[in-house]
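Hey, can you work out the whole structure from these sequences and the hints?
Residue numbering for the sequence shown is 1 to 193, as defined by the UniProt record's numbering.
Just so you know, the hints here were simulated from the structure itself, not pulled from any lab data.
Remember, it's a predicted structure, so these values are computed and weren't measured experimentally.
We put the beta carbon where it would ideally sit given N, CA and C, even for glycine.
Incorrect hints may appear among the rest.
[Said to hold, decoys possible] Cβ-Cβ distance ranges computed for the label pairs, FRET-style:
1. GLU20 with ALA183: 52 to 60 Å
2. VAL147 with ALA23: 22 to 30 Å
3. MET167 with ARG18: 34 to 42 Å
4. GLN24 with ALA183: 43 to 51 Å
5. TYR19 with GLU48: 20 to 28 Å
6. ARG60 with GLY160: 18 to 26 Å
7. ALA184 with PRO135: 17 to 25 Å
8. ARG178 with ALA42: 19 to 27 Å
9. ARG178 with PRO28: 17 to 25 Å
10. ASP66 with GLY151: 18 to 26 Å
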Amino acid sequence: MTVGLLEVEVTVATLRTRYEVFAQYVLPETEVLYRVARTLTAQPADAEDLVQETLLRAYRAVDRFDGEHPRAWLLTILRNAEHNRHRRRRPQLLLDPEQAMERAAEHEDGAADPAHVIVDLRFTTEVSAAFDALPEKYREVVAMVDVDGLGYAEAAAALGVPIGTVMSRLHRGRKQIRRQLTAAGITVGRGSR
Numbered sequence: 001m002t003v004g005l006l007e008v009e010v011t012v013a014t015l016r017t018r019y020e021v022f023a024q025y026v027l028p029e030t031e032v033l034y035r036v037a038r039t040l041t042a043q044p045a046d047a048e049d050l051v052q053e054t055l056l057r058a059y060r061a062v063d064r065f066d067g068e069h070p071r072a073w074l075l076t077i078l079r080n081a082e083h084n085r086h087r088r089r090r091p092q093l094l095l096d097p098e099q100a101m102e103r104a105a106e107h108e109d110g111a112a113d114p115a116h117v118i119v120d121l122r123f124t125t126e127v128s129a130a131f132d133a134l135p136e137k138y139r140e141v142v143a144m145v146d147v148d149g150l151g152y153a154e155a156a157a158a159l160g161v162p163i164g165t166v167m168s169r170l171h172r173g174r175k176q177i178r179r180q181l182t183a184a185g186i187t188v189g190r191g192s193r
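Structural data, given as structure tokens:
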């Protein structure tokens, strides 16, 4: 099989254009992708793997990208990659207890404050349990809006649902977390939202 010079030039031009689109629209969103992936996974390495899978899928599909709303497009790819990954694996805890203990044990001056460690670990454990207990459709929205700071429109685009659905799922998810924390004896105030 021989490849003509014209075919090679077209292929090089296509690759150059693909890379330029990828560099312009996709690469600037990697930090957001990592933050969202970090909330969806238990370990930083898993988040990195998820982002890598997302970037690979985005690169392969970049010629189908319409140039509008790159963050929403990428978050949709990320969400789909996470769903596939989640189906292949057994669900894991959102927060590793050893990491929580280490993080809670650090005090401003570097010394461990035992009272702070116990209270913070209990709070972290209860919040993690309340978050994990949410149905997936609520957990996704709470993670995207409250943890990652996405707007309602961005979360709606990423999930492929109307903004009103994001708002109602967020309200219900927050309400369930509040209810579970209150049942565990942790006083929670209503947020400003």
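- Item | Numbers of the earlier hints that this structure fails to satisfy, in rising order | Hint check: 9 fails alone, others pass.
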